[in-house]
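There are 2 protein chains.
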Amino acid sequence: MSKITEFQKVLKKKKIDFFIACNIDYVGIDYDMLYFSGFEGIGALVVPKNKKCFLIVPRDGIVKARKSGIKFYVLPKKKKLFEFIAENVSKNKIKHKRMGINKEGVNLLVKDYLKKCFKKSKLIDLRKELYKTREIKTKTEIKIIREGCRISDNILKKCFKEFKRFKREAEVMAFLEYESKKRGCGLAFPTIVASGNSSSEVHHTTEDVKLKKGFCIIDFGIRYKNYCTDTTRTIYLGKPTKKEIIMYDLLLKVQKNAIKNVKKNGKCSKLNENVKKGLDKYSKNFIHGLGHGIGVKIHELPNLTERSKDIFQEGQVFTIEPGVYFNNFGIRIEDDVLVSKNNVEVLTKIGKSLLIID
Amino acid sequence: MSKITEFQKVLKKKKIDFFIACNIDYVGIDYDMLYFSGFEGIGALVVPKNKKCFLIVPRDGIVKARKSGIKFYVLPKKKKLFEFIAENVSKNKIKHKRMGINKEGVNLLVKDYLKKCFKKSKLIDLRKELYKTREIKTKTEIKIIREGCRISDNILKKCFKEFKRFKREAEVMAFLEYESKKRGCGLAFPTIVASGNSSSEVHHTTEDVKLKKGFCIIDFGIRYKNYCTDTTRTIYLGKPTKKEIIMYDLLLKVQKNAIKNVKKNGKCSKLNENVKKGLDKYSKNFIHGLGHGIGVKIHELPNLTERSKDIFQEGQVFTIEPGVYFNNFGIRIEDDVLVSKNNVEVLTKIGKSLLIID
Numbered sequence: 001m002s003k004i005t006e007f008q009k010v011l012k013k014k015k016i017d018f019f020i021a022c023n024i025d026y027v028g029i030d031y032d033m034l035y036f037s038g039f040e041g042i043g044a045l046v047v048p049k050n051k052k053c054f055l056i057v058p059r060d061g062i063v064k065a066r067k068s069g070i071k072f073y074v075l076p077k078k079k080k081l082f083e084f085i086a087e088n089v090s091k092n093k094i095k096h097k098r099m100g101i102n103k104e105g106v107n108l109l110v111k112d113y114l115k116k117c118f119k120k121s122k123l124i125d126l127r128k129e130l131y132k133t134r135e136i137k138t139k140t141e142i143k144i145i146r147e148g149c150r151i152s153d154n155i156l157k158k159c160f161k162e163f164k165r166f167k168r169e170a171e172v173m174a175f176l177e178y179e180s181k182k183r184g185c186g187l188a189f190p191t192i193v194a195s196g197n198s199s200s201e202v203h204h205t206t207e208d209v210k211l212k213k214g215f216c217i218i219d220f221g222i223r224y225k226n227y228c229t230d231t232t233r234t235i236y237l238g239k240p241t242k243k244e245i246i247m248y249d250l251l252l253k254v255q256k257n258a259i260k261n262v263k264k265n266g267k268c269s270k271l272n273e274n275v276k277k278g279l280d281k282y283s284k285n286f287i288h289g290l291g292h293g294i295g296v297k298i299h300e301l302p303n304l305t306e307r308s309k310d311i312f313q314e315g316q317v318f319t320i321e322p323g324v325y326f327n328n329f330g331i332r333i334e335d336d337v338l339v340s341k342n343n344v345e346v347l348t349k350i351g352k353s354l355l356i357i358d
Numbered sequence: 001m002s003k004i005t006e007f008q009k010v011l012k013k014k015k016i017d018f019f020i021a022c023n024i025d026y027v028g029i030d031y032d033m034l035y036f037s038g039f040e041g042i043g044a045l046v047v048p049k050n051k052k053c054f055l056i057v058p059r060d061g062i063v064k065a066r067k068s069g070i071k072f073y074v075l076p077k078k079k080k081l082f083e084f085i086a087e088n089v090s091k092n093k094i095k096h097k098r099m100g101i102n103k104e105g106v107n108l109l110v111k112d113y114l115k116k117c118f119k120k121s122k123l124i125d126l127r128k129e130l131y132k133t134r135e136i137k138t139k140t141e142i143k144i145i146r147e148g149c150r151i152s153d154n155i156l157k158k159c160f161k162e163f164k165r166f167k168r169e170a171e172v173m174a175f176l177e178y179e180s181k182k183r184g185c186g187l188a189f190p191t192i193v194a195s196g197n198s199s200s201e202v203h204h205t206t207e208d209v210k211l212k213k214g215f216c217i218i219d220f221g222i223r224y225k226n227y228c229t230d231t232t233r234t235i236y237l238g239k240p241t242k243k244e245i246i247m248y249d250l251l252l253k254v255q256k257n258a259i260k261n262v263k264k265n266g267k268c269s270k271l272n273e274n275v276k277k278g279l280d281k282y283s284k285n286f287i288h289g290l291g292h293g294i295g296v297k298i299h300e301l302p303n304l305t306e307r308s309k310d311i312f313q314e315g316q317v318f319t320i321e322p323g324v325y326f327n328n329f330g331i332r333i334e335d336d337v338l339v340s341k342n343n344v345e346v347l348t349k350i351g352k353s354l355l356i357i358d
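Just so you know, the sequences run in chain order A and B.
Under my numbering, the first residue of the first sequence carries the number 1, and numbering increases by one thereafter.
Under my numbering, the first residue of the second sequence carries the number 1, and numbering increases by one thereafter.
This is chain A alone, in the form it adopts within the complex (with noise of 0.2 Å):
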């Protein structure tokens, strides 16, 4: 069953007429527009309940509109682009009594065309029935995710391969993101290079300084058809203390069992209480969630922090990146991990004992 059929039946069951995405920012993304059309840009779609979806696109959208293999409609010049929704709703004899949207998609702005357009419809929020729907990835989906894991794979190889040349933070970013570009992947988010003291920044910003010595943490993901990636890997510069490599390698050795403790209906609260154990008496110096969900957008369901109340179950992708923090540098080891029938497959296959550059 496509994961649109999927949907659908939710709406047929809270009785929505459709559900809309739509987006109005020329460098926005809606990423349940995206999702469900792969369909990125200005432009709106509409999932009716027991009809087929279709897009709205400006006429810059017919390119992208056409590869998404979605019947669409295109904006005529000097139409509004909610009054063009409106009109073919209409056409298409759809009842917009109830209409499903994600709130966290749509800005008051939007909300005010709806409202004008679709004057006595009741707007209900999807958003956790759409995160629910993205949770548990088709096997297109993972065979996408898998091969997205094997190429960034490759761009990371050939980065630690390299990395004596380089000088700067922002160098080896650039360099990770030139391999992707020119590879026709796009980013997940901003990658991060991390190096001395700024490795004890958990989002630290790359920028144009000098490689510092000690751990660096690098933290990198691609987009590849659409779907993210998430690794991270710290290596040291340098050469590190006896106490450095104690540090480093109870740190996998608690993210090698945590992966290995991911059991299905497991609760993932529970893993990351596992994790805080394994850490001990640094179990304080751990101060971010210990995984979430990846998909179309970076941070997806499962989320696996102390207080979630997911579970593990068949067809999640996540990443598990316990990190540890003081003042002067940090840690952290991240790979993505696929809950399949009997087991879990780790995606991210580059290795990860302390690579030393020295």
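Just so you know, these hints were derived from the structure itself, not from any lab.
Quick caveat, the model's predicted, so the values are computed rather than measured.
Careful, some of the hints might be misleading.
For identical chains, the list gives no copy identity; a pair is met inside one copy or between any two copies.
[What the hints assert, rightly or not] DSS-like cross-link-like pairs, simulated, lysine-lysine; straight-line CA separation at most 25 Å:
| # | residue 1 | residue 2 |
| --- | --- | --- |
| 1 | Lys93 | Lys120 |
| 2 | Lys352 | Lys263 |
| 3 | Lys281 | Lys77 |
| 4 | Lys143 | Lys77 |
Keeping the supplied structure of chain A fixed, place chain B upon it in accordance with the hints.
Here is chain B on its own, set in the frame of chain A:
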């Protein structure tokens, strides 16, 4: 007068207790927060009408918050973001009867949070006032954009110099972005490299395909110190026909004339009209607006479309980018210009005679 002070005058005039901008999405940007504070990431900015503004940031935003130079409060663990905002608004003795927001920056989820934490507040949309504030650039902003354009010029020059070695569209894009990232700059928007037939698309998505003979549109912009640049050059791969050269030269003449005809206090729509006249029988092939303001966001005021009501004013920085699109090719030439006291300054200075790479 700083832009914050200028905006606080608007707040006073409209009797708004404070303006709030917030971002709850790891990969999202709130442009108002970025504009007033330089802070990018999850968090919130509060601008009271008659007190100093402050940021609320999670623990992993501390380093960036410190760089902003603005007072900030760190969200304690286990505390909810919007509750903590409300607490600090109250601690700072700021009223919240009338709260200013930007309707485009607030999604329905954030609105729910705001409504929950500021129960009796009225939300007032300041979108237009914010865009008006951002429209006229300060001397500091102009200095940054001028430097951004200089850097972008250098990157494009390097790209054209080495163009012969590129075989694929994605390679050109990867090169431009690599050179940007290496210099510590970000991207203003996804780079467009559109060769052959693809040049007939206004917003082509660059893919990993061979560079085709014919016109090749390169639309590229960096983000330097949070400010965007935006340049388009159309080059020719192979040997152009006489007709093609004539078409290019006509567009170039029209573009140069448009720049010359920017007059302080003149109507933006009028300039668009003039360009249509200059293109004569090809005016129907000019299918997008003549230009747009640039700033922290790639599309700002003024609007240079035929329906625009904007007026040219000192301190505006915008693009002038006429284009013509046919069935199998397109040409666009775009510069960034500044309206200064006595004239119009072109900030992007890279040459625009037809570059032929054969």
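Hints numbered earlier in the text: which of these fail when held up against the supplied structure?
4
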